[in-house]
Every structure is written in structure tokens, then in C-alpha cells.
Amino acid sequence: MDVLDLARLQFGVTTVYHFLFVPVTIGLSLLVAILQTLWRTTGKTAYLRATKFWGKLFLINIAMGVVTGIVQEFQFGMNWSAYSRFVGDIFGAPLAFEALVAFFLESTFIGIWIFGWDRLKPGLHLACIWLVALGSFASAYFILAANAFMQNPVGYQINETAGRAELTDFGAVLTNPVALAAFPHTVFASWLTAGVVVVAVSGYHFQHRRDLDVHRPAMRLGILTTLVGGLGLILSGDSLGKVMTATQPMKMAAAEALFQTTSNAPFSVLTIGPLDGSTGTPILEIPGLLSFMATGSFQGEVEGINDLNAQYNSLFGPGDYVPYIPLTYWSFRLMIGFGMLAIAMAVIVWWSTRRGRMPRHRLFWPVAMWMALTPFLANSAGWIFTEMGRQPWVVFSLLETSSGVSPRVGAPTVAISLIGFTLVYLVLAVLALKLFLKYAKAGPPSEEDALAGSGPPDGDDADRPMAFAY
1 MDVLDLARLQ FGVTTVYHFL FVPVTIGLSL LVAILQTLWR TTGKTAYLRA
51 TKFWGKLFLI NIAMGVVTGI VQEFQFGMNW SAYSRFVGDI FGAPLAFEAL
101 VAFFLESTFI GIWIFGWDRL KPGLHLACIW LVALGSFASA YFILAANAFM
151 QNPVGYQINE TAGRAELTDF GAVLTNPVAL AAFPHTVFAS WLTAGVVVVA
201 VSGYHFQHRR DLDVHRPAMR LGILTTLVGG LGLILSGDSL GKVMTATQPM
251 KMAAAEALFQ TTSNAPFSVL TIGPLDGSTG TPILEIPGLL SFMATGSFQG
301 EVEGINDLNA QYNSLFGPGD YVPYIPLTYW SFRLMIGFGM LAIAMAVIVW
351 WSTRRGRMPR HRLFWPVAMW MALTPFLANS AGWIFTEMGR QPWVVFSLLE
401 TSSGVSPRVG APTVAISLIG FTLVYLVLAV LALKLFLKYA KAGPPSEEDA
451 LAGSGPPDGD DADRPMAFAY
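Per our numbering, residue 1 is the first one in the sequence shown, and the count goes up by one each step.
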């Protein structure tokens, strides 16, 4: 493998690993805020116990997300310095806002929320966790705005003398149609992920008949969140597909391995054989669905890979502008398929536990718990499709991936860092999973422990230092 392949592999490994934690952070921040709000409005101790239980798991996850996210920014300077030099003026702006606005908002108020249970007035303490949730949403938007520039470059001009792109309209970068479509899709995916995690963990305690007064309402909230997230994914995915077709038609054609321009283009659920446009045989397809996904009409015309590649050759010069079709084809279907499985699991659990029912089949809860993997697999497949479908561009139509790699970093250097990161991430994965499972299995604090330190501030102990609530 040459330096380009190694650099791409390293960025792919670290990005997919980091994104395992991001959706859970975004989703759980909202769910913890909702649970604490329910406690403040109803006074039911079960909601307080659930808040502290899920708050602890949320903190474990957010810590891992922060640690793994730092590595991403380092790679721009280490392995992708040519890319950073060319678009750093634009790409760096939303990332700077993410760090200076969203991350500081999130990190500041998560600290106040952790230590301020009995030091702040109830309303102020509740506001802290809502500000954390707001910060996580803002962080996602700024990062998606940066990524959207790579998919659909806007708000820039090329400085021919300096040989780089320069920012001319930051508002255009923040209102990029790709960012506006990708943000709700990512948020709904986060809600789906967090909802499934809540259902799975609550299912463990259902299986052992423990603390059902806490886990039954939490499970109901998780199921509702999963279903809302699933419905939102379908609607936002429809919008995102049409924006993708308008800005990157090659990606949509690659998602179906559609080589010839076609009206009433079908969507193949499953294809047997190579996906090179020659001998692949669809064995299950839905007529007109790809046309609807791309254009909003079942009779709409979808440009094929061959025609698009010819257009790109005339626009950008001779070359092969086709992404790796098998990976785009299957990652697109895995994203949809695993997402649908997560929604189906939530519906089955809801139906099986309605009106106080308890499923009795011994495999019901183990299967439900293992189904918690489905949204993570869907998220990973979605990001792989998004990034691989853009190839061979690192910034669509402006900079090819081969031109973005650091010119003076050799393959051995990248290989060593790739092996190092992979081993470190493997250790972190084991530690994070063991820690998460340990506290997930331990269950919520007792009523006495939950109430201890959760009351309003006492004027007699104003000088007492803050205490860690977990």
C-alpha cells in the first residue's frame, strides 16, 4: 500500500471509531435533559434515579468521544497537509466555531451540571443540561458544515497566485444545502441510536426484573425516541437524497450501480454478481424507486455512471471519476437495512411490553440487547457511503484525494501511526465497553442515594466545595 492508501485507511479507521460515540452523545444529551425535566415537573423519584443512571453512562460516552475526536484534527496537519493548505481558510472556519462556541458551551455546562446538583437552584441546574444538549447539536452542525464544503464547495474563490481556495462568504458555507439536509438526518440518526441503546439497557434490567419503576418509563422514552428518529430519518433521507443528486449525481448513480442513464430507474434491494454494469443480476428490485429518491418522481431521469464520467472528463480532464462501486452499493443498503432493523426492534419491544406486559420467551431480551448494534452499523455504513461515494475527490470538483495527501510524509511513517492508533483505539474500545457495561448492569442508584445531594442549595453551607455527583 502506498502513502495515499495508508492515509485514507487511517482517517477511515479513526473517523468510524470516533463516530461510534458521537450519535450516542447527541441523543443521550437530549434524553437525560428530558428525564431531568420530568423529575422537576412531576417530582417522581424514579425520574431522578433514571437521570443519574443515564447521566453516568452519558459521561462515559462523551469522554470517549472527546478523546477520539482530537485525533481527527491532528491528521489534517500530519497526513493531509496539502489538503489543509488548499482549503484550510474555508474548512477551518466552521471547525474553529465548533471549538470556540459549541465545544466550550458543551464542556463548560457539563462540568457545572456534574458538580452543581446541590449547589445550584433547580431551574439553573436543569438549564445546564439543556445547554449541554444545545452545544452538542451546535457542534454537530458546524462539523457537518465543514464536511458539506467537501461535498459541495460554496462561498469561496480560488487565489491563482497562492494556489489555494479562500473564504468569501462564511454565511454560504453555513447554509450549504448539503449541510442543511445532512444536519437533520444526523440528528435523527443520533436519536435512533440513543433510543435503541436505552431500550437495550432497560431490556437487560427487564430480563432480571430489577428497578422496573425506573426502567419502564425510560424504555418507553427510548422506544418513542427510536420511532421519532426512524420516521425523521426516512423523511430527511428523502430530502438528502435529492440534494445529493443535485450536487453529486455520480454518488447517487454509484449507490445503485446505475451505469446507463435511465428513466423510471428501479432500486435493487439485492443484486447477485459483479456491479460493473455487465453481468450483475438484480433479483429483488422496486420499480421507479431510485428515480423517486433522486428526483421526486417515479418517472424521473437518473444520470448513469458512464454519462457522468464522460461529462467529468470533459470538465476536469482525462481520468476515472467513478468511485468504488461495490462499496458504495452495499454500504448504502447496509445503512438502510440496519436502520430499518432498529426501528422494527423498537416496534416489537413496544408491542411486547404494552400495558405492563412482560415477554416470557428466554431469547426475547438477549436478541433485543444484541439489536443495539444495528444503529451503530447503520451509522458507520452511512459515513462510509458518504465519503467513498465522493471519490476520487477530497473536495468535489476542486481537489482530488491524491493531491491532498502530505507530500513529505512517507508510507512507513503513516503505517506506524496507523498501527499505533489502531492498537490504542482497540485498548480504549475494551476499556470503554467494560466501563459502560459495568455501570449499565449496576443499575440506577437507590432512592436514598439519588436524593442525597440533589436538593436545593442550603444557605448554611455556602462555603462547602462542589462534590462530584457520580
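Take the hints with a grain of salt, since some may be wrong.
Stated by the list, open to error - Distance condition first, Cα-Cα at most 20 Å in a straight line; then the derived SDA-like pairs of lysine to any residue: (1) K438 <-> K44; (2) K44 <-> P445; (3) K44 <-> G163; (4) K44 <-> N264.
Unchecked claim - Pairwise CB distance ranges (calculated): (5) R354 <-> L377: 26 to 36 Å; (6) S397 <-> T41: 48 to 58 Å; (7) K438 <-> S397: 20 to 30 Å; (8) E400 <-> T41: 28 to 38 Å.
Derived by calculation from the structure, the hints in this document are not laboratory data. C-beta: ideal position from N, C-alpha, C; glycine also.
Against the structure, test the hints numbered earlier, and report the numbers of the ones violated in rising order.
Hints 1, 3, 4, 7 and 8 not satisfied by this model.
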